[in-house]
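Undergrad: In order, the protein sequence lines correspond to chains A and B. Quick note on the numbering used here: the first sequence kicks off at 13 and runs consecutively. Quick note on the numbering used here: the second sequence kicks off at 13 and runs consecutively.
Careful, some of the hints might be misleading.
Said to hold, decoys possible - Subject to a maximum C-alpha distance of 30 Å in a straight line, what follows is the list of computed DSSO-like cross-link-like pairs (lysine-lysine):
| id | chain 1 | residue 1 | chain 2 | residue 2 |
| --- | --- | --- | --- | --- |
| 1 | A | 91 | B | 49 |
| 2 | B | 49 | A | 50 |
| 3 | A | 106 | B | 91 |
What the hints contain is simulated information worked out from the structure, not anything from laboratory work.
2 protein chains.
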Amino acid sequence: MTLTDLRYLVALARERHFGHAAERCNVSQPTLSVAIKKLEDELAVTLFERSAADVKITDIGARIVAQAEKVLLEAGQIKELATAGRDPLSGPLKLGVIYTIGPYLLPHLIPRVHEAAPSMPLLIQENYTARLAESLKRGDLDVIVVALPFEEPGIVTQAVYDEPFRVLMPAGHAWEKDESISAVRLAEAPLLLLGAGNCFRDQVLEVCPMCRSGEGLQRTLEGSSLETIRHMVATGAGITVLPSSAADPLPGGNSLLTVRPFEAPEPFRRIALAWRVTYPRSGAIDVIRSAILGSPLQGVRPVTR
Amino acid sequence: MTLTDLRYLVALARERHFGHAAERCNVSQPTLSVAIKKLEDELAVTLFERSAADVKITDIGARIVAQAEKVLLEAGQIKELATAGRDPLSGPLKLGVIYTIGPYLLPHLIPRVHEAAPSMPLLIQENYTARLAESLKRGDLDVIVVALPFEEPGIVTQAVYDEPFRVLMPAGHAWEKDESISAVRLAEAPLLLLGAGNCFRDQVLEVCPMCRSGEGLQRTLEGSSLETIRHMVATGAGITVLPSSAADPLPGGNSLLTVRPFEAPEPFRRIALAWRVTYPRSGAIDVIRSAILGSPLQGVRPVTR
DNA sequence: GCGATGTATAGTTAATCTCTATCGCAGACA
DNA sequence: TGTCTGCGATAGAGATTAACTATACATCGC
């Protein structure tokens with residue numbers, strides 16, 4: 013019993029004439045004749061009474077035809093589902109973002125994605141890189157926004173933008189007079205750092221090797237966020253390093269804080285999209301990338317492919 | 013897209029492993045692999061993300077699998093319908109009976125058929141032979157009980173029983189003294205006859221050729237029934253001829269009437285079953301025949317095949 | 001009985017399904 | 001870093017099935 017057989021069956025039930033039904037199915041009369049016979053043999057019931065005058069459907073035949081129509085209808089739904097699902101911009105996209113990007117990117121990203129792909133709602137999760145990577149590999153996430161380097165088997169990445177680091181200090185700090193800050197000086201001040209697991213913590217420590225070895229005055233705030241640290245800097249608890257997208261929007265609205273760039277070579281982080289190499293909705297990823305690049309993130313430089 | 017493809021699809025969705033899914037479907041792994049790929053090509057969507065680690069279903073894939081399960085379920089219903097419908101004694105049987113048999117046969121027939129085939133309800137229609145024949149050919153009836161001769165293209169008949177004719181007269185009638193009546197004498201009495209269209213009318217007229225030619229005293233009662241005629245005989249309006257099944261049960265309960273057989277050769281009618289030669293439920297017909305022969309019809313003689 | 005109509009069958013060709021064998025990729029491990 | 005292993009994809013052959021054309025067969029109406 014195949015779907016084709018059922019189509020023949022339904023056609024014959026409608027036409028009550030082998031020749032006409034065959035024509036409607038674009039096959040020859042013997043084809044239809046044989047198919048119906050095969051069906052009858054397989055089901056071991058007589059579906060039609062054939063006679064020279066006409067073709068009559070049996071009671072059981074009528075019931076089976078009704079069921080066959082239901083089957084064909086449901087099968088047709090598969091094609092419709094496929095057609096609807098063919099658009100990579102249709103259906104929800106599960107997006108992961110690291111903690112140190114989410115608050116600054118998402119408010120811009122979400123409306124832009126919604127505009128570019130109205131039928132692609134975003135399901136967003138913020139987390140540490142490691143957790144995002146795990147979810148991505150499991151299939152719980154489709155695309156993630158992380159800082160490079162990011163190497164995982166079966167995962168491909170695409171750099172989107174570079175983001176320079178900034179030094180954040182309380183207004184009136186001694187370094188305020190300097191146009192830019194040298195990285196080595198970070199060890200001289202009480203440096204507030206995110207807790208372990210945040211990739212940005214590691215990147216900052218890389219900028220200041222002495223801090224990593226514990227020779228500086230740095231202080232780790234476990235379970236904290238860049239926003240918390242910023243508030244602590246404002247109260248004079250120390251200085252910190254922020255990515256430009258988090259640091260640059262501030263001065264206009266916060267006179268308690270001063271932002272300074274690093275001396276060249278300016279330290280920066282490279283932000284990328286990552287997805288499973290097998291992920292089929294590449295169009296959706298393109299939309300995300302465009303939306304990110306279209307977002308007004310302060311100080312960032314797009315990475316041309 | 014075939015039902016087999018959908019079975020493979022569902023199996024793979026369950027197993028998430030081409031090899032295991034193939035095993036469960038009793039096919040080789042390449043078979044399943046190719047079938048899934050074919051489905052994906054046909055639907056133009058990616059149903060699964062394959063990687064060395066595992067097989068992940070896509071969102072659209074999951075929706076299509078759910079739909080495929082529905083299709084397979086409905087398709088399975090077809091087999092169940094067929095199994096249920098395979099029994100010829102299952103499902104209603106549309107039975108037609110001529111007017112001059114129905115009242116005497118059906119009260120016996122119905123309970124017997126119900127006992128022999130409890131899941132075969134009878135849908136009964138009483139009518140003239142011509143109307144029954146028409147309905148039978150149209151498919152509105154499955155089997156009819158008629159008197160022979162009955163010849164119709166595409167229709168086969170099977171004689172069931174012979175039924176002798178009787179003369180019915182009012183009690184005290186001059187012929188009451190005779191053991192049996194000669195057919196020729198029917199023209200001498202006011203003979204009450206059914207209206208045109210009743211085959212029994214014609215059969216009676218055949219017994220008495222003089223009546224047919226209008227030389228007798230016969231009187232036709234259009235739109236009447238044997239029962240009406242019997243009551244008229246009881247009131248002395250004339251005599252009549254009845255089939256034994258209608259005539260013989262009477263005397264015990266009706267002292268106003270007298271029944272006499274004909275002289276040999278006794279005129280009789282042959283009652284038969286008729287059905288379309290293409291009608292598949294021969295088992296149902298056998299049940300009807302047996303039930304008729306098992307009915308206590310007075311005076312009838314079974315016709316051995 | 002014969003022609004017209006309509007279904008079933010025969011025989012052939014083409015498509016397809018399924019198989020075995022093997023490739024190629026990616027992750028795991030030493 | 002090279003090798004091993006598990007697993008899906010691919011190639012090619014063989015078998016099955018589905019379709020066609022031609023024709024046989026059955027029935028009905030004239």
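Undergrad: All hints are to be evaluated individually against the structure, with a verdict given for each.
TA: For each hint, the structure was consulted:
| no. | hint | in the structure |
| --- | --- | --- |
| 1 | 91(A) / 49(B) | holds (15 Å) |
| 2 | 49(B) / 50(A) | holds (28 Å) |
| 3 | 106(A) / 91(B) | violated (42 Å) |
The structure fails hint 3 only (numbered hints given earlier).
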